[in-house]
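*Asks:* Under numbering that gives the first Met the number 0, the sequence shown has 102 at position 103, and the numbering climbs by one with no breaks.
Think of the hints as simulated: they come from the structure by calculation, not from any bench.
Don't be surprised by glycine CBs; every beta carbon is placed ideally from N, CA and C.
Any given hint could turn out to be false.
No more than 27 Å apart at the CA atoms, straight line, and that leaves these computed lysine-lysine pairs for DSSO-like [claimed, not checked]:
no. : residue 1 : residue 2
1   : K1        : K38
2   : K11       : K110
3   : K221      : K210
Here are the computed distance ranges between Cβ atoms for each label pair [what the hints assert, rightly or not]:
no. : residue 1 : residue 2 : range
4   : N149      : Y201      : 20 to 28 Å
5   : K206      : P18       : 50 to 58 Å
6   : K10       : N124      : 21 to 29 Å
7   : E183      : N39       : 21 to 29 Å
8   : S160      : M0        : 36 to 44 Å
9   : P18       : A205      : 45 to 53 Å
10  : D209      : K10       : 36 to 44 Å
11  : K40       : L203      : 35 to 43 Å
12  : H29       : A205      : 42 to 50 Å
13  : F165      : D88       : 21 to 29 Å
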Amino acid sequence: MKDIYLSERLKKIAEIIPPNSIVADIGTDHAYLPIFLVKNKISPRVIAVEAKKGPYERALKNVFYYHCEGNIEVRLGQGLKTILPEEIDVAVIAGMGGETIKKILVESKGKWEVIPGFILQPMKNLCELRRFLLENRFLFKDELVIKESNRFYEIWVVTQSKDMEFSFDYVDILIGPILKNKREEIVKEYLNDRINRLKENYRLSAKGKDKVKQEEILKKLKILTEVLNNAFLCHDYQYNRKTCS
Numbered sequence: 000m001k002d003i004y005l006s007e008r009l010k011k012i013a014e015i016i017p018p019n020s021i022v023a024d025i026g027t028d029h030a031y032l033p034i035f036l037v038k039n040k041i042s043p044r045v046i047a048v049e050a051k052k053g054p055y056e057r058a059l060k061n062v063f064y065y066h067c068e069g070n071i072e073v074r075l076g077q078g079l080k081t082i083l084p085e086e087i088d089v090a091v092i093a094g095m096g097g098e099t100i101k102k103i104l105v106e107s108k109g110k111w112e113v114i115p116g117f118i119l120q121p122m123k124n125l126c127e128l129r130r131f132l133l134e135n136r137f138l139f140k141d142e143l144v145i146k147e148s149n150r151f152y153e154i155w156v157v158t159q160s161k162d163m164e165f166s167f168d169y170v171d172i173l174i175g176p177i178l179k180n181k182r183e184e185i186v187k188e189y190l191n192d193r194i195n196r197l198k199e200n201y202r203l204s205a206k207g208k209d210k211v212k213q214e215e216i217l218k219k220l221k222i223l224t225e226v227l228n229n230a231f232l233c234h235d236y237q238y239n240r241k242t243c244s
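Using the sequences provided together with the hints, build the complete structure.
*Replies:* Shown next, in the form of structure tokens:
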């Protein structure tokens with residue numbers, strides 16, 4: 000029996016799942032994460048959810064191959080619709096676009112407050128998803144950056160906090176309420192990568208006449224550059240919030 004191979008993204012997700020949590024893995028694909036969690040005694044029970052029959056059957060096959068059928072239940076269905084919120088501690092929604100994750104959450108709005116925690120790993124449209132979460136009173140407990148095959152990925156740990164009052168601004172949406180204050184080298188490298196990509200986008204957009212797009216890129220560049228520069232300063236330094244206006 001071959002060992003389960005996890006990508007760096009899934010390894011990091013497995014690392015941050017609290018021990019003995021009952022987990023729902025939404026969009027489980029091959030069910031590698033659930034199998035890893037069970038085999039490494041991180042989780043006693045995992046619900047692996049797939050929307051399409053092909054991936055569902057692959058997941059089911061792998062669960063039986065690794066003799067995890069007593070600990071992993073594979074369900075066919077859309078998002079969190081197959082989950083009773085009381086039966087899990089953590090919902091993992093990873094490897095999807097931000098709009099898809101948002102859609103999954105919108106379709107299960109009544110479950111937000113009951114499920115203790117969510118681990119989200121959007122592949123794109125991060126700002127749109129982050130805005131949605133902040134507008135709907137999701138509290139960011141952690142934001143992580145990992146690098147895999149020369150590409151950066153963000154992983155978020157969030158929980159719904161309806162009764163908690165908190166404010167946010169454009170910096171929180173663009174970079175993240177926790178990530179903006181992190182000082183790790185991987186975060187600096189990630190911010191540099193985003194800045195370089197935006198500079199290239201600006202160079203290409205300058206050939207056209209879309210001044211609004213160009214101004215938006217410059218605004219993002221200004222904020223990202225300032226946050227990156229502040230990452231080299233002491234922790235109590237506050238960046239200039241006027242850049243958000």
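*Asks:* So, for every hint listed, does it hold in this structure?
*Replies:* A quick look at each hint next to the structure:
no., hint, in the structure
1, K1 / K38, "holds, 12 Å"
2, K11 / K110, "holds, 25 Å"
3, K221 / K210, "holds, 16 Å"
4, N149 / Y201: 20 to 28 Å, "holds, 22 Å"
5, K206 / P18: 50 to 58 Å, "holds, 53 Å"
6, K10 / N124: 21 to 29 Å, "holds, 24 Å"
7, E183 / N39: 21 to 29 Å, "holds, 25 Å"
8, S160 / M0: 36 to 44 Å, "holds, 42 Å"
9, P18 / A205: 45 to 53 Å, "holds, 51 Å"
10, D209 / K10: 36 to 44 Å, "holds, 40 Å"
11, K40 / L203: 35 to 43 Å, "violated, 50 Å"
12, H29 / A205: 42 to 50 Å, "holds, 44 Å"
13, F165 / D88: 21 to 29 Å, "holds, 23 Å"
Against the hints set out earlier in the document, a violation occurs for number 11 only.
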